[in-house]
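J.: Okay, so the sequence shown: first residue is 2 according to this note's numbering, each after it adds one.
Quick caveat, the hints were computed from the structure, so don't treat them as lab data.
Heads up, a few of these hints could be off.
[Stated by the list, open to error] Pairs of lysine to aspartate or glutamate, EDC-like flavour, derived with a Cα cap of 20 Å:
#, residue 1, residue 2
1, K69, E34
2, K69, E92
3, K69, E133
4, K69, D124
5, K69, D123
6, K69, E102
Quick caveat, the model's predicted, so the values are computed rather than measured.
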Amino acid sequence: MRTPHLTLAFALGAALVSPSPAAACSCVELTPEGAFQGADAVFEGRVTEVREEADARVAVFSVVQQWKGVETETLELRTPLAGSMCGLGFEAETSWLVYAERGGGGLQAGLCSRTRRVEDADDDRVYLGAGEVPIEVGADDEVEPPQARPAAGQAGCASCSVAPVGGHPWALLGLLGLLLWRRR
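Work the whole structure out from these sequences, hints included.
T.: Here it is as structure tokens:
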């Protein structure tokens, strides 16, 4: 009778002191709106290079379009090396929709940020709509000054803007006369 109790006690003790399994990355699913509001930068980009550093995978992106926080045509993004630490599996020549935050001297993203391959981001693209193409303007680039708009009344639709807000004074007088005449 003692043997079953000893076996049970030993099994329970072994279960309590054995190493616990590694924890996997677990995230709360974000909506496109929630991910957008929580991100410092949102962009679609193509990975041109991936390199591994001591604690992170660094992906170099060529930005296709941006919705928030990106002003350059290329950028670097860090993600943890391991998927169990919520790292993303960036590979060269793949396109991603990225929700990133600023930290550690640059942009970073992980599995919990809602970052995903473009082909899996239909809901996000519907929410985001059309983005802007970032264009870097360097000191050597010539910037043409904006052309002057024609003054009101000179041509095209601009001539429509010269009508008084209340309408033409003769039309107002005619309307007033009609109202007075009908009152009689």
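J.: None of the hints should be skipped; say for each whether it holds.
T.: How the hints compare with the structure:
1. K69 to E34: 13 Å, holds
2. K69 to E92: 23 Å, violated
3. K69 to E133: 9 Å, holds
4. K69 to D124: Status holds; Cα separation ~17 Å.
5. K69 to D123: 18 Å, holds
6. K69 to E102: 11 Å, holds
In this structure, only the earlier hint numbered 2 is contradicted, and the remaining ones agree with it.
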